[in-house]
Amino acid sequence: MLDISDLSVVIRRPGRQVAALSDVSFSVAPGEVVGLVGESGGGKSMVARAIVGMLPPGSQATGRVGFDGADVLRMDPAALAAHRGRGAAICFQNPRGALSPTRTVGRQLIDRLVTHQDMAADQASAAAKDLFAAVGIRNPGQRLTAYPHELSGGMAQRVMISLATGCAPGLLIADEPTTGLDVTLTREILRQFRHAADTDGRGVLLISHDLASIAEVCDRVVVLYAGTVVESGLASKVLKEPAHPYTRALLRSVPDVSGGKVVATAGGMPLLKDAPHDCPFAPRCAHATDECRTTRPPTKELAGGWSLACFHPQDGPLAESGTAALEVTATNPGAVVLKIEDAHVVYRSRFGSGGHHALRGVSLELKKGETLGVVGESGCGKSTLAKLVMGLVEPSEGTVAVAGKDVRKLSRGERSRAQMVFQDPVGSLSPRRTVKDSIAEPLRAAKVSATERAQRVEKALGRMELDRSILDRLPHELSGGQAQRVGIARALVGEPDLIVFDEPTSALDVTVQAQILDVIADVAADAGHGSVFISHDLATVRGFADRVVVLYLGRVVEEGPVEEVFENPKHPYTRALLGSAPRLGETRTADVALVKDLDEADAAAGCALAARCPFVTDACRSQEQTLQPYGESRAACWRVPEIPALIGKSATHD
Numbered sequence: 279m280l281d282i283s284d285l286s287v288v289i290r291r292p293g294r295q296v297a298a299l300s301d302v303s304f305s306v307a308p309g310e311v312v313g314l315v316g317e318s319g320g321g322k323s324m325v326a327r328a329i330v331g332m333l334p335p336g337s338q339a340t341g342r343v344g345f346d347g348a349d350v351l352r353m354d355p356a357a358l359a360a361h362r363g364r365g366a367a368i369c370f371q372n373p374r375g376a377l378s379p380t381r382t383v384g385r386q387l388i389d390r391l392v393t394h395q396d397m398a399a400d401q402a403s404a405a406a407k408d409l410f411a412a413v414g415i416r417n418p419g420q421r422l423t424a425y426p427h428e429l430s431g432g433m434a435q436r437v438m439i440s441l442a443t444g445c446a447p448g449l450l451i452a453d454e455p456t457t458g459l460d461v462t463l464t465r466e467i468l469r470q471f472r473h474a475a476d477t478d479g480r481g482v483l484l485i486s487h488d489l490a491s492i493a494e495v496c497d498r499v500v501v502l503y504a505g506t507v508v509e510s511g512l513a514s515k516v517l518k519e520p521a522h523p524y525t526r527a528l529l530r531s532v533p534d535v536s537g538g539k540v541v542a543t544a545g546g547m548p549l550l551k552d553a554p555h556d557c558p559f560a561p562r563c564a565h566a567t568d569e570c571r572t573t574r575p576p577t578k579e580l581a582g583g584w585s586l587a588c589f590h591p592q593d594g595p596l597a598e599s600g601t602a603a604l605e606v607t608a609t610n611p612g613a614v615v616l617k618i619e620d621a622h623v624v625y626r627s628r629f630g631s632g633g634h635h636a637l638r639g640v641s642l643e644l645k646k647g648e649t650l651g652v653v654g655e656s657g658c659g660k661s662t663l664a665k666l667v668m669g670l671v672e673p674s675e676g677t678v679a680v681a682g683k684d685v686r687k688l689s690r691g692e693r694s695r696a697q698m699v700f701q702d703p704v705g706s707l708s709p710r711r712t713v714k715d716s717i718a719e720p721l722r723a724a725k726v727s728a729t730e731r732a733q734r735v736e737k738a739l740g741r742m743e744l745d746r747s748i749l750d751r752l753p754h755e756l757s758g759g760q761a762q763r764v765g766i767a768r769a770l771v772g773e774p775d776l777i778v779f780d781e782p783t784s785a786l787d788v789t790v791q792a793q794i795l796d797v798i799a800d801v802a803a804d805a806g807h808g809s810v811f812i813s814h815d816l817a818t819v820r821g822f823a824d825r826v827v828v829l830y831l832g833r834v835v836e837e838g839p840v841e842e843v844f845e846n847p848k849h850p851y852t853r854a855l856l857g858s859a860p861r862l863g864e865t866r867t868a869d870v871a872l873v874k875d876l877d878e879a880d881a882a883a884g885c886a887l888a889a890r891c892p893f894v895t896d897a898c899r900s901q902e903q904t905l906q907p908y909g910e911s912r913a914a915c916w917r918v919p920e921i922p923a924l925i926g927k928s929a930t931h932d
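Sequential numbering of the sequence shown, starting at 279, is according to our numbering.
Please note: incorrect hints may appear among the correct ones.
Said to hold, decoys possible - Taking lysine to any residue pairs in the SDA-like style, the calculated list, with each CA pair at most 25 Å apart, reads:
| id | residue 1 | residue 2 |
| --- | --- | --- |
| 1 | K407 | L351 |
| 2 | K737 | D750 |
| 3 | K539 | H565 |
| 4 | K551 | K737 |
| 5 | K645 | D750 |
| 6 | K407 | E428 |
| 7 | K578 | P554 |
| 8 | K665 | D702 |
| 9 | K714 | G546 |
Source of the hints: derived by calculation from the structure; they are not laboratory data.
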């Protein structure tokens, strides 16, 4: 279906030239899922653009992009228009940027169904609702009338996937389709891509930096670095026995929910002006020799369709080299810095009636020197909890105190005692402020003198291992990793009592994520403040949290020491989450499988999980569960003592 041969793309702009791709070759057959992996800046999205004929202005492409016998690079406008959608459809990485802000998401999907599948309007409307339900969107009929700005990041990503699949393409290209999605939804979405290949005979190209997640669904994997293919072959071979040092570095950077160490590789992706004449990975490679620095390694075809471009291929288990592994030294907890008691948050409907009950009776406590992990699926209330802690939303009921004072009574200067590190590193910085001004903002709010501000900004910058040369840069001149380090420096500079990390690594690729996690681990180990780490990525939470809270539909369903919760989960929801978490090199076997996500109204009475739980009884549906002690942790489920036997009985029956 797709046969790319020696594809090279050079982008020329006034005074600037970038060699985005150099001699890229690979194929995708009907019914096959191929993973295209690598760091940001490696050329993955440029390959996707070449396949659908959407290269940026100033691009010059050579080679061939063969699709069903035709060359996309040489198609006329009419042929390209027919090719886009029905031939190949792309699901973009930034869903809000790809969706029209002035039209409802339902209207956008219906138009595609009418155009590409020749459906009547009423038929397309019903099909659109089914497509939204298929990707896990709650209340699909209601969501059809929503605009993109009314959706969460995860919800917008699901809409984007629906738009791509609605075109019924021969080749489905998914550019980072699971960014920002929780583990259960990630698994479900990737299974849909696998189903599209197995059932509909579509070719699927999965572009991702999430190696652990895509490992289960890909037939083959192609690894890109600086616009070149460094390794490709069967997924079972490349991801379990990688030979190229870069592939091995990628895999070492992947957090593992079982508690394995993360190893960060120093350096970053080079920006090449011309096609490389040496190995582009040599400056970051521990095995590089003079030959690597002067000669570009040729691509060697090995047995079983495996290919490699390296003078010094590696074998054996992954060695722990590079920077120090992610590890936190335990500290003795100090004074209470955050206390939430029976907090409820209700977002009122814009139409004046009803609303969304985002948090229901949440209570928790955090002391200095502690790190509290907060996990759960999209829509469970994690971000609302972060806003509640920061005083950005007020509780409908209950209280929130930071450093012993109600957040509603804090002055502007006192509000700097709690700081937040955001999910979108670039978007969280003012586009008109330099790095220096952004970092110094909490100090200005606290009326710190200009001299002391400069000293403390320099100190925070040094701790983030950032060069002084970036102080006068604007956010658009920073990489994602640099922008996130600036965000952390801004949070630290005022020496706060509390730091909230809201999905701080979800927008970063694996190697940059590993570097940022090292930084966060160092920050979280400080005894001078408490840290709340909110994430849908269970593996990163396990890396350095002391305690963990599991949220489901606004309720705390389990909480306890991180090792106890991860090694001996009590609540069925926690068991299902951990069973869905990706693990490199092994197939996941969840002992608790939840039924498909349902409307929030189903959780209004009784146990929040009743509509999805395989162990539900009539009592669960009518009686609300409260947290009860079970060993070192607490869980909101009265059937906890029975669950091991119920799981064993189910396995025997199966």
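Hint check results:
no., hint, result
1, K407 <-> L351, "36 Å, violated"
2, K737 <-> D750, "16 Å, holds"
3, K539 <-> H565, "22 Å, holds"
4, K551 <-> K737, "35 Å, violated"
5, K645 <-> D750, "36 Å, violated"
6, K407 <-> E428, "18 Å, holds"
7, K578 <-> P554, "17 Å, holds"
8, K665 <-> D702, "15 Å, holds"
9, K714 <-> G546, "23 Å, holds"
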